[in-house]
Each structure stands twice: as C-alpha cells, then as structure tokens.
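Position chain B relative to chain A; hints supplied.
There are 2 protein chains.
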Amino acid sequence: MASSAVTYAKENQQRFLGELKDLLRIPSVSTLPQHKDDVQRAAAFIANQMRAIGLENVEIIATQGHPLVYADWLHAPGKPTVLCYGHYDVQPPDPLDEWKSPPFEPTERNQNLYARGAVDDKGQMYMHLKSIEALMRSTGKLPLNVRLIVEGEEEVGGESIAKFVREHSSRLKADFALVSDTEMFAPDLPTLCVGLRGMVYTEVEMTGAMTDLHSGIYGGAAPNPFEALARIISKLKDENGKVLIPGFYDRVAKPSGDELNAWKSLPFDEEHYRKTEVGSKELTGEPGYSVLERTWVRPTLEIHGMPGGFIGAGAKTVIPAKASAKISMRLVPDQRPDEVFKLYSDFVNSLKPRGVDLKIKQYSLADPIVIRTDNEYVKASTEAMKEVFGKDTVYIRSGGSIPIVADFEKYLKIPSVMMGFGLPDDNLHAPNEKFHIPNFYRGIESIIRFFEKLGR
Amino acid sequence: MASSAVTYAKENQQRFLGELKDLLRIPSVSTLPQHKDDVQRAAAFIANQMRAIGLENVEIIATQGHPLVYADWLHAPGKPTVLCYGHYDVQPPDPLDEWKSPPFEPTERNQNLYARGAVDDKGQMYMHLKSIEALMRSTGKLPLNVRLIVEGEEEVGGESIAKFVREHSSRLKADFALVSDTEMFAPDLPTLCVGLRGMVYTEVEMTGAMTDLHSGIYGGAAPNPFEALARIISKLKDENGKVLIPGFYDRVAKPSGDELNAWKSLPFDEEHYRKTEVGSKELTGEPGYSVLERTWVRPTLEIHGMPGGFIGAGAKTVIPAKASAKISMRLVPDQRPDEVFKLYSDFVNSLKPRGVDLKIKQYSLADPIVIRTDNEYVKASTEAMKEVFGKDTVYIRSGGSIPIVADFEKYLKIPSVMMGFGLPDDNLHAPNEKFHIPNFYRGIESIIRFFEKLGR
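Protein chains in written order, with the numbering used here: chain A, 1 to 456; chain B, 1 to 456.
Pulled out of the complex, with its shape left as it was, chain A reads as follows (with noise of 0.2 Å):
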C-alpha cells in the first residue's frame, strides 16, 4: 500500500525531473579550473534545495577544493540516523562531437535523460532530496534521522570530503550511510552493491629535449618522450593483461566461495555484454577469470591519455620536448593505494630509458572495499526495493571506487547502503551518459519506503 509520501512522489515527478534538469544544466565539471564557478553554482543550488525542502542547518562548507553542502533534520528521538551522501560535480563532457544532444542541456529520448551527470551522481543525488521532500511534506516531519553531505570533488578524488570526515566525524555521527552513485545489474533488478575497487590516478610526466625540436633536423640523436612512455608503458601489463608491477598481487584476497557461487546465478551473457556495451572484436583481461571477476575483484591499469606533442589534424613533425602518461590502477581488498603506488613508482622509475627525465604526479588514492550486509539497514532496503520492483535484490560488487565509503567504514565505523539505480548502459564518464527516468522516479519510491521502514 502506498503511503501519502509514495503519493506525494508520483503526483510531483515531472516537476521532480524539471529541476533535475536546472541542475544538469551546470556544466560543474571538478578537475577543469575554467568551471570553478560552476562547480559552486551547483553547490548554491543544491544547498537552496535543501532549505526549500525544510532540512536544518544548511552549510556550504568551503574547503581546500571545491565547497561541500551540509544539511541535517534530527528530530526522531530513537529513531536510527542516516546520512545520505552523493556528489554534485561531473566528469569532463569531452569528446564533445560524439553526444547526440549537449552534455548540459539534459534532454529526453526514449524514457532517458541524457546529460553529463544524469546518473553520476546527480540524478541519484537528488533522488535522496525528493524522498526527504515527499515525506516532510505528506507527512510534516521524517521517520528517521537524517543528515546529508553532498560533494564536489568525487570525480577528483574527494580529497576535501575525506578530510572532513577524518577531522569532524562528530558532525556525521549516524547509525548507516545511504550511497546512491552505482547501478543496477539489469534493468529491473534491484541491486545492493557491497563492494568498490579502490584507485590509485596517476601522471606520468616524461622530459626529453629543453624545447620541441624538429624531427628531420634532431631525429637520431634527441630522445622523444613518447617513445619512452610507450616503452614503459608496454612494460607495465602483459598481453594478457596482468599487471608486471612488482608486488602488485601480494595483497590480493579472493572472494569468497558462496560470493563465486552467487555471482554465476546472475544473469550475465558474455557475448552480449561484449557486443552491447564494449563493442570491441574481443573482450581482453587475465585469462582463467571470468568478466565479472576481472572487472570486481582483480585489479587493473588503464591508460587515459597522452597529452604532449602535435594533435591536430594533418602532420606535423616534431619531437616534442615533453608528454606525459595518465595511468591509473584500480585496486582490489587488501591491495593498500599508498602501498601500490610506491611500487609502481618504484617499477616506473627502473624502467625509465636513457636521455630522458620523469616525475609521477599523484592526483588521488582510494581504498577498496567489501561492505558489511548483516545488519537492519540492508535488509529494510531489500524490503523496500522488492516492494517497488517485485524481485529480491541481488548483491553485487562493482569495479568503480567510491573512496568515501571506505572512509565512513572506517572513521564514522559504520556500514553503507549502495542503493544504486543506474543501468550498465548508461554511459558513465562517457558521451551520451543517460539516466533512465523511470528509474529516477522508483529510486525515489524505494528510498521513501526504505526509510519509512526504518521509522517503525
């Protein structure tokens, strides 16, 4: 039976989708500095949506990076406290030509939403503030206890955020977190995820001549830098995947058993996800292991670009003075970042060809994570999902990082809910991300009824 605030969500949700839409209008790209402004524009707006919804003590609180918004109600004596956390910033929209409609100008197709940052994470995000709405306003006060922390800085690495629940834990003191920034693991399947990679995102800075020097005039005696990362960089994998980084595996735990087991029932076909979401010739990974295993609990290293030297159409020929390499590692439990990363430092450095300088540049580490799934929290929002989507929720892991969960686990010691309502084809940091609408509108239904569960 649907309560007032179930009512309330299904009577405003195109209203609810509109001002989804003002918000995904704010290009608040973290890691550009042109959109410095724009990032906090979204925290204003933000914020503003936090006090219209009637939630107390609303703070942009500045920080060293990009500004966090705060925002708590804590008016159900004995009754559990959640916070709610989700991030407002996006990726980079780039490459701009291959998006069908303007990363910020959302626009709808076939009951989706495209705009950079519809799924991640502001369409989630916001999901948490229509619940909170359609409960305070149907019913006067929340079932529960709840405070919200929204970030700007989690496509960077969140290092502000971590830092303030390392420094002010007691301003986040709640009994669970509620994370909603992953995904489904097929439409219309509720989906727990209890498990993260963790990162560590690098930059390789490669210097060969003092200035970029003509390839017919210098070519044999002046070093080109890209020839050296390419060295490097073919050093770093093999060709089937695993990484040579000395030590790199050391620390890798197996999952177990029962987790094997349960993940072979999910239904996953190989060939379809090969064809429908890469769409390369082959699939490629650590032979021996299955995709779901390669991309949840083995680590990898990815390449991201190459900046450095002539990228413009036609030729040009120069040996570039500098390029550089960003790398990153996604990283499995027990693999430790800081750990990794002096290993690959260290290997990076032996491999350095001569005539040439490096320097490895750190933009952010992450822990990975297994979630605790023993406790009332996760089973009042399976509860509430089979409710809305009529089917028992599977648990799953994903090969994402969502650095804070580690932190809230481990400085706020308490467990995370990732309640995601994202779909494997929605496009995240890619062209055309896209948030489905429906689902949008039952992430909302199953919040309001996860946390009406928790009142009683």
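If you are wondering where the hints come from, they were derived from the structure by calculation, not from laboratory data.
Keep in mind that this is a model prediction, so the values were computed, not measured.
Beta carbons are placed, not taken as given, at the ideal position from N, Cα and C, and that holds for glycine.
Heads up, some of the hints might be wrong.
Pairs of lysine-lysine residues, derived as DSS-like cross-links and limited to a Cα-Cα distance of at most 27 Å, are as follows [what the hints assert, rightly or not]: (1) Lys361/B <-> Lys281/A; (2) Lys352/A <-> Lys281/B; (3) Lys413/B <-> Lys453/B; (4) Lys352/A <-> Lys141/A; (5) Lys342/B <-> Lys275/A.
Negatives, chain A to chain B, calculated, CB over 10 Å [unchecked claim]: (6) Ser169; (7) Arg251; (8) His272; (9) Phe341; (10) Thr373; (11) Asp374; (12) Thr393.
Same frame as chain A, but now just chain B:
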C-alpha cells in the same frame, strides 16, 4: 666591389624587413583546415610582390590543396635559367604558451626576428624576391633568366607541387634550381646542403570499444587503445634507436669516405650541441655513429603525438574508444618511401594486440636525395658566399626533408643549389622560431652576387 644592386639592397634593408614582417603576420598554417583562408592570403601577398618587383606572367595556380604561385622573367637570352623555389606555408605554432612573443606578431630581439615561418621558409623565400628586386630596380633587368615557383604545402607533404612538376615540367624548364630552405652549419660559416633525408609520415588509428568507457566499470575486460599503441611503438625501435622493421635498412647506402672525412673537420662539439640545442640529459640514437651521421645518413623513426582520450588537467577515468599515434620515418638514400611504408604497415599490422582494430593513414612520402656538386652553379654560389662571408663554403647534408628537390632532379633533370641561411638554433617547427636578421641581409647579398656571376 659592391654592384649597384648590392648597394640598393643595403639601402633598403629596413623596408625589406618590414615587408617580411607583414608576410609573417599571416598565419598560413597549411595543416590546419581553419587556416585555409590565411594560406590563400599569403599566396596573394606573394603574387602581389612578384608583380611589384617587375616579374611577369604572375599566376596563382589553383590545386587540389593550397595554391602555387608562379612568376618568371625570361629576357636574358644565352644566359642560364634559374628556378627559384620556396614555400609560404608554415608549421602550426603550438605549444602556444612557450612562445615569448606571439608567433604571428613578428618581434625583434637581439638581432633576431621571432615569428612562425621567420626562417622556414617565408624569410628565406623572401630573400629570392628581394634579390630580384634589387637587381631589377638598380639595373632595369636581370643578369639571368628567372622562374619562381612558391608552394603552400611544404609542411604537409607538398603533393600539389609534386603533381605540377610531374605534369607541367615544360613550364618550369630551367638549368638549375635555387632552394633556400636549409641552414648554415655554424654562424658565419657559408654552407651548401647537398643531401636530404626522405620521409614517410603516418598515423596509426587504434579502435577498441565502440564508445569511451568508465575505467572502473570496464577496466579488466575492455581493450585499451593506448596500451595497444604503446605495445606496438615499443617494438618499432630497440632501446638504442635501431629501427626493428624487417628489411628497413636493406637499401641504406653508406656515405663515401671523403664525405665522412670532410664531416670530421666540421666545427662540431657534441657536448655543446647537446647542451645548447637539444638540452636533454643525454643524446640518443644508434651506437657506432656520430651525431652528424645519425641525423644525416641514418634513417630514424619518431612519434609526434598521440591524440585521443583525456588530455585536460587532472584526472578522468576513461578507457577511450579510440587513440592514435602520429609516427614518421626519415629515410636516407637509397631507401624508397613506398617500399618503406609497406614494410612498416605490414610490421605494425603484425604487432596488433587482440581486441583492437587498427588503420594506418599515410600523410606524406618524400624521397631521400644526394645532390650533384660538380657544376658551375655550385661553383658560382660558393664564390658569391665567399665574397659576403669571407670564408670557404662547407658541404653538409640535412636530416630534414624537402621533397621537391628529388622531384626537380627526377622530372626536370636539374640539380638544386641549396643555399640556406638559417642557423642551428632557429627553432624550426618549435616555439620561438627565429631568423637571424644579419643573415637575411647577407642571404640577399649572396643571391645577388650569385646571379650576377652567372650572368657574366
């Protein structure tokens, strides 16, 4: 003793320099489509100049690409005919932030004129025009017959002029060509360039997934095109700079013992070259060959840029769908560009890792060449330069490529005199390109005296 033409040139130096600056303000970057109109403007500028100084049959010749500019003056019966060649297109100016003054705002500092194209080749081509003007204005005629052909595609492979030379050789009938697009071996040391490397410029385009993918979600299963490129690039050369393409060195000819001996007496200090020109910690390249050999008579392979993926500031966790590498080879006699392209393509294709597709684009091919020196034109040019510089001319080769010189030999059956007045530190193809202003003036005087000698 100075002729009236030499006196005229000396009296008009400041005006000549001012005109050159006007030409340098036109950003005629041939490889970038957005500069197409600028390239046309530069062609029109040259044509107007030709008319102004009394040349005849001035014509802007449309081509499939950028236009050629032609002019002649053929009223010296019984005298030799020179074909003056130059190019009015320039390299792209990036990286822009390394220029001390804007690339298309010519700026004088320390007797140098800084601008993109200052020496390569607008400034040097302009010496031809101003020598002709000085002779024409001071005597009412020229001491020999002159044809000029100026192209706008030298920096992108020179396809149109090559076609024109092949198909309209009678319109370019001459006894020899004068090419001023090379450099002096050292300041104040008059130099003729007698050999050029050839070139094969390519782009390897690598495709993995059908769209950019989130490296967390897909890392471990999706192919990474940068990794594939790095793997291939690392196998194209060994750590010592030896190219590993099978058959690549089969046709490489050795320079004569005389030539090698002559180079040994050139004023060349490898450590000074490393410090002041290259500026790297060490020089690289094949062991057992001197720097001059490595850059003049040994082929090489260079990476110029690797477009694709994320190259902004900071971090983006993407596995790009596509990435590519701009790769060129410099060839030496008797390597054949089309044959080398085939060997290279076959080898690159044989190295393709699984999961990816690759395509190889060919931007330009140029023959390597060694020039004949046993003719009166070479003799007259060295005498002229001795009068101006007070020193004997040295014969060198260049590691660069001027594709048209081989075509002049092949289709017009004429030798080229490569009289260049650039300096080794002119930053060709790099930020802060310059032309040493005294060399601009001495070049004009040398060419006047050269033409006067041939007319006697």
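Outcome of the hint check:
1. Lys361/B <-> Lys281/A: With a Cα-Cα distance of about 21 Å, the restraint between Lys361/B and Lys281/A holds, given a limit of 27 Å.
2. Lys352/A <-> Lys281/B: Given pair Lys352/A, Lys281/B holds - Cα atoms ~13 Å apart, limit 27 Å.
3. Lys413/B <-> Lys453/B: 23 Å, holds
4. Lys352/A <-> Lys141/A: Answer violated: Lys352/A to Lys141/A is near 62 Å, above 27 Å.
5. Lys342/B <-> Lys275/A: 33 Å, violated
6. Ser169: The assertion about Ser169/A holds, with a minimum of 27 Å to chain B.
7. Arg251: 17 Å, holds
8. His272: Its Cβ never comes within 10 Å of chain B, the nearest being 13 Å, so this holds.
9. Phe341: Holds: least Cβ distance 14 Å, greater than 10 Å.
10. Thr373: About 21 Å separates Thr373/A from the closest Cβ of chain B, which puts it past 10 Å; holds.
11. Asp374: 26 Å, holds
12. Thr393: With a cut-off of 10 Å, Thr393/A remains clear of chain B, as the shortest Cβ separation is near 20 Å.
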